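Given next are the chains, with one letter for each unit.
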Amino acid sequence: MTAVTVREETRPVTRTARRRRRWRGLGLRLYTLGVLAWLMLPIAIIILFGFNNVHGRFNYRWQGFTLRWYRHPFDIPDLTTALVNSLTIACIVTAISVVMGTLAGFALGRWRFLGSRAVELTLFAVIAASEIAMATGLLSLFISLGVPRGYWTIVISQVTFDVAYVAVTVQARMAAFDRSLEEAARDLGAGPLVTFARVTLPMLLPGIIAGALLAFALSIDDFVITQFNAGKTLTFPLWVYGATRLGIPPEVNVLGTMIFVGGVLLAAGGVVVQRIRR
Amino acid sequence: MATAWRRRSAAYLLVLPVVLWLAVFFVVPFFVRFSLSLQTGDLVSGFRQTFHWSVYPNLLSAYHDQLVRSVWYAGAATIATILLGYPAAYWIAFYGGRRKSTYLFLLLLPFFVTFVLRTVAWQFLLGDNGLLLGPLHDHHVVSAGFHVLATSWAVIGGLAYNYLPFTVLPIYVALERIDRRLIEAAADLYAARTATFLRIVLPLSIPGVFAAVLLTFVPATTDYVEAAILGGPGQTMIGNIIQTLYLTNADYPGASALSVVVTGALLVFVLLYARVLGTRDVFRVTAA
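Residue numbers (full-length UniProt numbering), protein chains in the order written: chain Z, 1 to 278; chain S, 1 to 288.
Hints were generated in silico from the structure; no laboratory data involved. Nothing false has been slipped in among the hints.
Looking from chain S toward chain Z, a few residues come up when the C-beta cut is under 8 Å (computed): (1) 7; (2) 11; (3) 33; (4) 218.
Which stretches of chain S does chain Z cover? Using the computed rule of at least three CB atoms under 8 Å from a CB of chain Z, they are: (5) 84-96; (6) 130-140; (7) 221-235; (8) 244-257; (9) 266-280.
All of these numbers come straight from a predicted model, not from anything done at the bench. A virtual CB, placed ideally from N, CA and C, is assigned to each residue, including glycine.
With the rest of the complex left out, here is chain S (with noise of 0.2 Å):
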């Protein structure tokens, strides 16, 4: 019995340390911004706390096409990276041979690459002047009123860019612990390649798409760096929104009232997946 008392505290002593942190660094800040968004004032004369309720239903209305749009894009970019990156998890996790590894290792590259810089150089790219684009309207090939840059291909096309490691990883994770034995059972009874597909590889492969959907969609909806440099005026998400109102207009109940809509929304989409699927798909995808 000591020794289990004994064992218990050494547990919570080791796990004391994150557990302060996370406790005032992430769960506390989720109270202290829900409180700053029912305060009024501005930064000359300071703010207090004066429960204007209001605010909520005032921005919901006032950036109701930015919130709806945010939605579109990421779920667009999230349904692009899945469909084009199943396949090549596929072929990696089944073909990949030896060079497993080295493709993983590749897909992984671009993080080494500042994600701005990435992003900036898909503005080289597609620019009305840029390498891509630029030959083409020298040459006449398209009309010269043709854009691609500040418009909502433009942002979706550089959201599936950005998330499209965080589809492959984990749907390539589900298909790497299929069991082959399934496979070579389904031969056996003489069941076609579609059909193997259809009714072992692929339901056994739903959790890693379903993480997919997960570590996509979430960081996808509130991303802002993709509008703001890929994107034009048009193509304002909430994301940047929220950054405009904290960081340049010191609007900070209403900053915080827009991001305590967001975030709650998201939190509780993370939240309810982790109690539906669990935590396991997610938490592998890191340690791989």
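Chain Z extracted, bound-state conformation (with noise of 0.2 Å):
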């Protein structure tokens, strides 16, 4: 703090200065801005064409507004049971990873020990790994043990990936955390099952929630591994890619939009359950 004010008193800032800096800052910020609305562009494109009144099998021109595919979102059976797919593994895979990946990142972000650096670096190799990688050496490992590719190997290979970010996102809370809470609730009498039930626990959470909801958003987004280990089941992204080449209906647009809403509603859920705790 002192640094900053010998520096204003020995250094006048003057006003073109002061004008120059505000310019510069508001170059960066439009080019910022203007990149965000890059990323924007298709999504806003999306959720537009689920209420475009089209006609035909294209939905490629603007051609008047409707609700008529909101009525009836649900109304292509092989997509609605691609959309429950999406969602029941996510949901399966999701806690199975939580539950596995959090006890590993409390290991890990606590203790060092013989054989630690080794999971870690096999963590990071899933994380770094392209998915095309994971995906070819599990349809590999069925293939060879004669497994039929479906729901459950889907669900194997979401784990996979899905239990490394856990781990990695509760180990990154658990070196944070501070050890003295747990050792004065020790000096309070606490045993070792009601610390970690009423200290550690409740820390960790925010670290096991973020981690849930990742979990969750890399599953249901998921399409490589899952295109290479789904059979002939469909999760919602393999039908929207197998539908390309016919043309999306309007009623994609609809279910990715609804995918969108609760995604984010999911997310600002988190961050405020986060904020609350804290």
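Taking the hints as your guide, dock the two standalone chains into a single complex.
Here it is, written out as structure tokens:
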């Protein structure tokens, strides 16, 4: 703080310098907003064309506003099944990943032990390896074992990458954890279980929630690993990919918008919970 | 001593499920895929281990073009995202003020729309009759022969679009961690703004740039969604070939041989990165 005041005193900022600085900030600011707008553009298009009063197969041109797709968003049975698959798979995958990932993240964040570096390196490889590395490896495994691909091979494949993300998120939270709080609880007569339940777990919870949200989002959006190991089972992204050649029906835009809104609400809810906990 | 032993066994017990899971479904598959690549046969008569090593040189010469193209597309997209994303990361880190987290949230917003659907939206926009190009064609602003889809630029642009957040985030995290007093010190020592940037901010943000390269280049090399949706037959990437060989042709030995080569090369790159630069910068992005 003192450094700032000293500088202000010894080097008075002239008005032109201040103006120049403001312009520089403005240019970069407009640029950044432009980049963000570029990122938003496809999202806007997807949402907008869910309201398109389209006739014929191609939902390319704006043909007027309608709510008709929102009245019957589940009219394509295959698409609805695919969406339900996506949602149930995401729930199962998140549950498994959160349990295993939290346990590992807790241990890695708290203790150094023989082999902990190797576990961390493997988690790093899972996160940094391209999706196709994992996808083809798993498919080769299932082929060699004669396991038919379907719903459960999708679950296994997705847990394999999700678990690493949860572990890393929880580990980061654990590493920033103030051990003295636990010691204080012990000094005040709390047993190890009570200390864990009343002190450690609540402190860890934001990390677990963040990990769970990330796992859910990654699962529902996953394409490459899922496509390789899906067999004939379809998830929402797989259905959309299969339909690109024939033209995407507006129902896809509606369901895509619903996933988008749901995801944003879930993430915002996670942030709010964290704020309250803090 | 007894407590130390108990603590250590607790640690092992807690990591055990993840270690077992990743051993079976991540580490073992690398060996299984390698063994599959040296088998011969087909779906009807089954596969036998024959150790026909010739599958490797044959595939490398057959798909040489796609391999080179994948590296060139991913490289171009990585450079484009860094040039595009660095100034944005810089502005958010230094001028974002209290709304920093809002800008970061906006940056992550595309992830809430299915990856495939985002790419399809670009197809909507850039198609010959699409939202952007359609009116331009109708009013003869561009010639009838002007296309965006099915060109290299469409695929590189699609990759750059989809991976931009993976570039901005690590650079932002690195910039955010820079001690502001260093910049004040530079100003006190009468360093010009450009000098401050080039000699303090840029060098300190380089770990973030490296993490960005890792998180963009590695997945982009093997991506096949952009090439399939935005590209044409002339834009096929190695991921498209691997996907076709596995899922359409059921040529498992060929498919796994090709993916052994590609993922092996990328894994070496990833582990080299971890060896030289450590895993912290990338983990920090995940935690952010």
